[in-house]
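For the first sequence, my numbering begins at 237 and goes up steadily by one.
No lab work stands behind these hints: they were computed from the structure.
Do not rely on the hints blindly, as some may be mistaken.
[As the list claims (entries may be wrong)] Here are the computed distance ranges between Cβ atoms for each label pair:
no.	residue 1	residue 2	range
1	Pro309	Thr288	17 to 27 Å
2	Asp269	Arg319	32 to 42 Å
3	Tyr250	Gly341	27 to 37 Å
4	Gln301	Ser280	15 to 25 Å
5	Ala327	Glu271	26 to 36 Å
All residues carry an ideal CB built from backbone N, CA and C; glycine is no exception.
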Amino acid sequence: MERLKNPRDFSLVYSQGRPRFGKYVVVSSLPTDLEVSRVGFAVSKKVGNAVTRNKLKRRLRAIMQEVESDLKPGYDLVIGAKRSCVEAEFAQLRTDLFRVLQGSGLLNRTMGGEEHS
RNA sequence: UGAGUGGACUAGGUGAUCGCGAAGGUAUACCUUUGAGGAAAGUCCGAGCUCCGUAGAGCAGAAUGCUGGGUAACGCCCAGUGAAGGUGACUUCAAGGCUAGUGCCACAGAGACAAACCGCCUCAAGAAGAAGAUCUCGUUUUGAGGUAAGGGUGAAAAGGUGAGGUAAGAGCUCACCAGCGAUUAGGCGACUAAUCGGCUAGGUAAACCCCAUUUGGAGCAAGGUCAAAUAGGGAAGGAGAGGCUGCUCGUCUCGCUAAACUUCCGGGUUGACCGCAUGAGAUCUUAGGCAACUAAGGUCCUAGAUAGAUGAUCAUCCACGACAGAACUCGGCUUAUCGGUCCACUCAGAAC
């Protein structure tokens, strides 16, 4: 999975990208000329201390690795965590992120959130 | 058995599947090993390391502040001393010097290094009065003194309590206590004990200050190597400028018109590697020491990321899992923390 690392790229996605809101996450996307899609994670200090922020980033990264092969190429994504993330179970977080990605049209095929209920 | 004091340790475990960082191996896809804390936190102290051309001197500033020891060092630790608290185990303390100098002590109060407001007492003068007969007494008034007992004010009023003493009083005298000084004895020392002395010196140094000791600054985004890129770009000032960055002195370096240096504008890298994981290291034994700790010998190698590695699912057991995530590295301090285990000791009650 290609990662978004540069702070300049992050601000570019935030200023010109198209945000889409879910219950627990916010996904901003921006089309690029690259052959692959790059993903960045944003968890602010408002969410919690270092332990909870680390845990959230691990969970989000694990979900994105699951859908990596189905991601459309040529997009820069920034996945931001909302404050409600802290109370969410892993399965709830997974369903929410799937729904937001599908709604943005970033996935090649439809993946059901009903795999895990 | 109940109540308590001090200290040490631990921080969910086991198994399966899919994933992540690092190292190694086979030979490009897998396998093996390993992978957060007691506080990794706050960044409050102390050091190592790196740079600031040279760790020169003095002053200022800052920090510390009972004594002795430990340590690379410390504002930390250990053992003591003193004071305060607790029946006790024990706990707490910025605990040098107001007898170097200066300042401050609001309000109240007469008075806050200084005192007579009320009071008490003595003497003198005199009006009224009483008994008596030309003198004595004299509440009150006026004046001159004595006094620090009592009252009142205050956080604090010239050591405290008792006795003697006195016109009334007062360390004026005595006893005990507190405080001060000297001598002797004990202790490396802080200090303790005894004896003697003159009888009194207000508090405040977390007020300035004095004394003693220590003390350059910035920090791994330090700093270095390689690669790439630009450009040795433009403008203004300019004879002095710079450094250990407060000051002075010393010393050194560069430069004086094709100009050192300063300021502003413009341009550019945000890559890789080193630093960076063997260290004041961990652990065991022996020896020294009350202890902190030290010495010798044996054994071990134990995270190293750079958008930053530990997650997800299931099974099972139990006390049902708190605070919380390494970022150059150590030694401390402080703060957060669901619980559990162990050791030593104290008090109260019961039994023997």
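Review point. Does the hinted range 27 to 37 Å hold for Tyr250 and Gly341 at CB?
Key: violated, 20 Å
Review point. Should the hint that Gln301 and Ser280 are 15 to 25 Å apart at their CB atoms be regarded as holding?
Key: Distance hint for Gln301, Ser280 holds at roughly 23 Å.
**Study point:** Outcome for the supplied range 26 to 36 Å, where the beta carbon pair is Ala327 and Glu271
**Key:** holds, 33 Å
Review point. Between Pro309 and Thr288, does the C-beta distance stay in 17 to 27 Å?
Key: violated, 33 Å
Exercise for review: Go ahead and decide if the range 32 to 42 Å is satisfied by the Cβ distance of Asp269 to Arg319.
Suggested key: Because 35 Å falls inside the window, the suggested range holds.
Consistency with the previously given hints fails for numbers 1 and 3, ordered from lowest to highest.
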